[in-house]
Structures are given as C-alpha cells and as structure tokens.
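Protein sequences appear in the order of chains A and B. The numbers in my numbering rise by one with no breaks, and the one at position 122 of the first sequence is 122. Just remember that my numbering sits 451 ahead of the position in the second sequence, which is counted from 1.
Mixed in with the good hints there might be a few duds.
Computed list of lysine to aspartate or glutamate pairs in DMTMM-like fashion (alpha-carbon distance at most 20 Å, straight line) [what the hints assert, rightly or not]: (1) A:LYS27 <-> B:GLU625; (2) B:LYS573 <-> A:ASP358; (3) A:LYS6 <-> B:GLU668; (4) A:LYS27 <-> B:ASP653; (5) B:LYS608 <-> B:ASP653; (6) A:LYS6 <-> B:GLU535; (7) B:LYS554 <-> B:GLU535; (8) A:LYS6 <-> B:GLU481; (9) A:LYS6 <-> B:ASP653; (10) B:LYS519 <-> B:GLU481; (11) B:LYS675 <-> A:ASP12; (12) B:LYS675 <-> A:GLU333; (13) A:LYS370 <-> A:GLU333.
It should be emphasised that the hints constitute simulated quantities derived from the structure, not laboratory data.
Residue strings, one per chain:
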Amino acid sequence: MDLFDKLKILTDSAKYDVACTSSGVDKTAQKGGIGSASACGICHSFAADGRCISLLKVLMTNYCVFDCKYCVNRRSNDVPRAAFTPRELAELTINFYRRNYIEGLFLSSGVIKTPDYTCERMIETLRILREDYRFSGYIHAKVIPGTDSALVSRLGMLADRLSVNLELPSLESLKLLAPDKSKTSILAPMGYLKNRIEENRSEIIQYKNAPTFAPAGQSTQIIIGATPETDYHILNLTESLYKKYKLKRVFYSAYIPVAEDSLLPSPDTSPPLFREHRLYQADWLIRFYGFSAGEILDQSHQTLNPYVDPKCNWALNHLELFPIEVNKAGYDELLRVPGIGVTGARRIMTARRASSLDFDGLKKTGIVLKRAKYFITCRGKIAEGVKITQDEILRALMSERELGMLSPKWEQLSVFDRENLIEEEMKKCLMAGIPDQTACAARIETAGFPI
Amino acid sequence: MCGPYRNCGFSDLIYRYDGSFEGFLCCVFESYEKNEIPRDIVSDFSQTSLIFEKNIDTDLQKAQRVLKAIPKRMGAAALTFIKEAFLTCLPKKELYMLLFLRKGFTHGASVMNMLADDVVNKLFKAVRHLSREVHLLKGFVRFSDYGGALAAQIEPKNFVLPLLSEHFCGRYPEETFLIHDKTHSAALIYKPYRCEIIPASDFVLPEACEAETVFRELWRLFYKTIEVEGRHNPKCRMSHMPKRYWKHMTELCCPEKAGAPLITGDKPIKKLT
Ligand code: SF4
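In isolation and in its complexed conformation, chain A is listed as follows:
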C-alpha cells in the first residue's frame, strides 16, 4: 500500500476527533533541531467545513480490536485498514512541518493487539521525532484506555498534550456503546495524568532543567447526541472535569451517524451541530467568564436555549441586575453584559482610565452596542432611544440566524409580520424556558457519571 492510500485511510478515520488546537505551550527550536510552539496556537489552514487545521491529525492505525458502536473503526465494521510505520509517519510529519503546512502532530490510534502495544508504536514515532529529528513542534497524543501507566508516563515525556477521550457523557451510555472500555479504564489514566502533570510542575520549579511532562496539559472529548444525556448533565460533567481533573479543554463532537444500530440515532439523523455550538458557548462561559454550570442551566431547564445564546439567556433571566454603569462596573460585571467579551471588557477598563466613557467613546473602543446597550449606562444615562422592554431586548439579542430558526420563512416575512411573530413566539419560547426534548433525561441524570 503506498503512502497516499495510507494517508487517506488514516486521515479519514481520525477526522471525527475534534480537538485540533496547538495551544498551551511556548517553545523555541533547540540548536541543531527544528520546530517551535506558540501558546496561543496557530491555524495553518481551514478545511471546507470551516474547522481549523493546525496539526497533522492521523491515526497510527485504524485496525482495532475494540468494538465501540459509535466508531467507524470498530472491529465489526468492514472498512479498509492501514497502519503507518513509526519512521514513515515521523518523516511525513517533518516534511509537512518544514513546508509550514502544520504546527505539529496529533496522533491517535485504533487498538492494535493491545492498548500497551499500540502505545509503544506511538511512543516510537514520537521518539524518532523528538530524538532523531530534534523536533520541538507541537505533539498531541491520545492515551488508549487501559494503557499501562509506565507507558503513559513515557508518552507524556514526549508529547505536549495528552488526552483520554471520555467519548460518552455517562456510565450507562458507556456500558451500552463501548463494551470494551470501562469507567476505570478511562478515569484512571485521567487521574494519573493529573497527578503526574502537577508533580512535574513542581519538579520544574525546583530544578530548572527537569524534563517536562505534557506541558500543555490534558484534554478530553465528549460525543454529543449519540446518547440521551441533557445539556445540563453535560455542562455539570464538564465543570467537574475542569475542577477535578484540571483539564485544559473539554471538546464536544456532534455525533455523525456511522453505523446502523438500534442503540444509536438512525443513520439519516443530521449531526446536532447547533447544539454543539451552544455547548461550546456555555463551556466558554465556564472557562473565561466565571459562570458556574448551575447558573447556565438547572434541574428545571436542562436544555440550552436554541434561540438566544447562553449568556443572553442568563442576562434575560436576571434583568434585575442591570443596567450597570460602564465607568464603574468591575471586570467581572462587564463580562456578564451581552455583547461585551473578554477583549471588550479589557478595553473598557483601559479606556476609562484615560477618561470617562460615553456611548460614542464606547463605540470607538470597538464595543458593539446592538446588544450591550440594553444592559448598560454611560455616565448614568441610558443610550438614546433605547426602550428597555422584554420585546425590544429579545429582538436585539437574537441574530438573523436565530430569528430564522423561529420561523423558517423569516426572510420572506414583511417587516410587519416580523413584529407579530416576535411578540408571540418569542415570549412563548424564551421566558417559559424550553421543555426537554429527551424523554429519558431524568433517568440518565440520576445515573450520571460518578465523578
């Protein structure tokens, strides 16, 4: 089999893993070597699906002895199989890297023979890159559930980031769909990584030249929509993963049907991309905006609102906290205003040091007032012409796309019809919260992932 066929097969079977960032670590090339890394990450291209291409994302092999039902590479699936040799893959990586096609390597694998044997092949690939080529570019490696911790430790000395994929958001679902994996085979390495990473950070403080262990930390991926867990459940899980395992990122992957199975959504279901998008927005609020999962959703509202983003939804339900005065509010308060993000809040803090801000000045600092104006005052005044009524606010908070979801005919409606639609529909769907669409949500909720 030639390199073209291998690359095609092993890219094709790796592409459903969504993590592709190269962020979290700063490095420069060693003398006589090649490669550097930048903490903010660099995208080298964007695929036609709009996703960033930063790393050469491939599998070591797509042969697999496991039979996870949601996966194209499962043992029982009849697909062409291939495997890279460690040398071959290392050379391909270096050749792509020299041409500035990529920021580094994202290496995952099907389970060939055993998890340990698979990990050894991955280690050999990374060893060639790091030792023979003195490569300092970014490497993200997957830990196969069930791998011996000595091997995981070796892998971590070579990679910048490691990840153990949770894949399914609850124990129940895992039992049903990934019979070869268990809670311990996934959580044990996650816990091991967390301890090893923390240990290593203090080693580095003590001895400046101590070798680094996964300097960009660990992440995981959860598949969305293959199983019935609610957004509320997933956000709570996410929050505890950040807290308990100190993960750098939790990635969500909208399930794309790859198999006909009574336990899975039917093959003609389209991937829940919009739900995934909302989850990322909520995740963002948890990581950067100081929100807790419980503030975003609760027992009686388990689904993220499809019509407005999670932050707007929160603000709408807390109108009593607004408006806030931009010249006085703290950074954390500014962050909670719809339409003001991290950059915006920082700029406001800077600009108001020079002089107190009015709406015009606010605009010049780059704040888009479309949404924000309903939630703020400048020098004690509300923006001119703004009426703070629920209808007004709702209209401003929803994007064209979201309005389009309310009525697929949105764009053809006359302005007059639009007004009517907004008044009725919006009130219905927003203030009352969205009823849960999944019947068995409650069951899964109580049987949640015990972490």
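Given the structure of chain A, go ahead and fit chain B with the ligand onto it with the hints provided.
Just chain B with the ligand now, kept in the frame of chain A:
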C-alpha cells in the same frame, strides 16, 4: 469634522521624506522645531502637487533624539506601538503617527489608553489589522523545497516581514529560507544563523522538483480528506481564511499539472543561493 486635524490646527504644507522610519522621525522633529503640522506626510517622489511642499532630509542625529524621547516621555509600549504602526497599510499613517506622538508628548503614557480618541483609535485599529495579518501568515505561509532551500511567496496588505522574521527564524534555525513579499517588493532571507530583509522586486518561484510535487499532493490529499462532509461550511472557512490568501496556499491554489510550474512568469528565475 475635519478628520485627524481636529484640535491641532493645520497648515497647507506637505512633508516629503525618504520613506524610512528614521526619515519619519525627522518629520516629527521638524514639526516640533517649526511648530507646524503638515496636511500630509508622503514618501512618494514620483508625484508632485500644487500645495506647498517641504523635503525633509533624513538626519540620523535628529532621528535619534526623537527615538530616545518617545519611551522617556510616553513609555516603551508607545515606542513599540509606533514602530508597528509604521508597518501598517493605513492611508496617511505618517500623519496619524505624528498626531499620536504629539498627543503622547503632551499627555505622557496615558496616550496609550485614549482608545476613544479619533487619532489613537485609528492607529490602534490599523495595528490590530497588522497583528491579525501577521498571526494569519504565521500559519498560511507555504514553503517549497528547492534543492534543500525553502522558499515562499506572500502578498500581504501590511509590511509583515519584520514581524514574521523572529517566528520563522526561531522555528527553522538550521534551514536556509526565503519569504518574498510581492506587495512590498522585499524578501526575508535566512541562512543559519543570520537573517535580513532586502529589497527584491522581480522574484518568481522556480519550478518544483518531483519530490516536492509529491509532498504538495500528499498535503492536498490530507486537506481534502480531513473535511467532515456532514459539516460542510464554506462561509465559515472564508471568514477565518480570507480568499486573498488562497493564491499562495498549496492546498487551495490549483493542483499540480504534470511538470507545470506553480506560478509562471516571464521574469528570469532567481537562484536561491
Ligand atoms: S477503541 Fe477507539 S478506534 Fe477502537 S473502536 Fe473504540 S473508539 Fe474506535
């Protein structure tokens, strides 16, 4: 509204300088010495206008004095900022830079916080545009291997080479490489361990050898395969990767025709040595 001149008072004068950063600093010197603010500061000698013009000679001593005064009076960040502003493609950037410095000499370091001020704001936006382009190009530059040396071509709006050099030199310390900026007719040239930026107008990438073509095709194959069809979203791709960059990106310009060079031109091919 009278644009950038508001509050400053302006004359009918135009400054003409040699286009170098030092030359610009001399314009600042002149503006203070004569206590005047020109209507524009230009470096293009081919055009003459009817308005009264003044040629500003580049005097390194004057330039030094201004250069030293900037960090002293308004902080090191302002100097870095003004150096970057000089690389931007903002029309009339020199005039905005002069007005910025005049504000800085009056208000001190707080000029960097005056984001709601028209002049400061314009320059900040321009520098942000530059930084974004630099960041994008760190990823979008595509090298080809020509007998062991690497070469790439770009067509940026801003003059990004000075800001790209540290990144690429730090990344490929053992390589010999060249990045040609077609827009600004300049090239970044690196040989272990030396780097310089030189003027270079008529540069055309040579034809790719067979091994090079193979890697280009492998990369295109990867690019095509990595897309998840169920998520096809060309609009999103376009917003992250504006079309004007595509021309020089291996995976997005047309695929290799047997033996055909990637970019053709009638200019002679420059050797990479
Ligand atoms: S172990 Fe990984 S590759 Fe193998 S079937 Fe399960 S998810 Fe797929």
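Evaluation of the provided hints:
1. A:LYS27 <-> B:GLU625: 16 Å, holds
2. B:LYS573 <-> A:ASP358: With a Cα-Cα distance of about 18 Å, the restraint between LYS573 of chain B and ASP358 of chain A holds, given a limit of 20 Å.
3. A:LYS6 <-> B:GLU668: Since the Cα atoms of LYS6 of chain A and GLU668 of chain B sit roughly 14 Å apart, the hinted pair holds (cutoff 20 Å).
4. A:LYS27 <-> B:ASP653: Violated, at about 36 Å.
5. B:LYS608 <-> B:ASP653: 18 Å, holds
6. A:LYS6 <-> B:GLU535: It is violated: about 45 Å lies between the C-alpha atoms, which goes past 20 Å.
7. B:LYS554 <-> B:GLU535: 18 Å, holds
8. A:LYS6 <-> B:GLU481: Not OK: LYS6 of chain A and GLU481 of chain B at ~66 Å, beyond 20 Å, violated.
9. A:LYS6 <-> B:ASP653: Judged against 20 Å, a Cα distance of about 40 Å means the pair is violated.
10. B:LYS519 <-> B:GLU481: 16 Å, holds
11. B:LYS675 <-> A:ASP12: The given pair, whose Cα atoms are some 10 Å apart, holds under the 20 Å limit.
12. B:LYS675 <-> A:GLU333: Given pair LYS675 of chain B, GLU333 of chain A is violated - Cα atoms ~44 Å apart, limit 20 Å.
13. A:LYS370 <-> A:GLU333: Judged against 20 Å, a Cα distance of about 18 Å means the pair holds.
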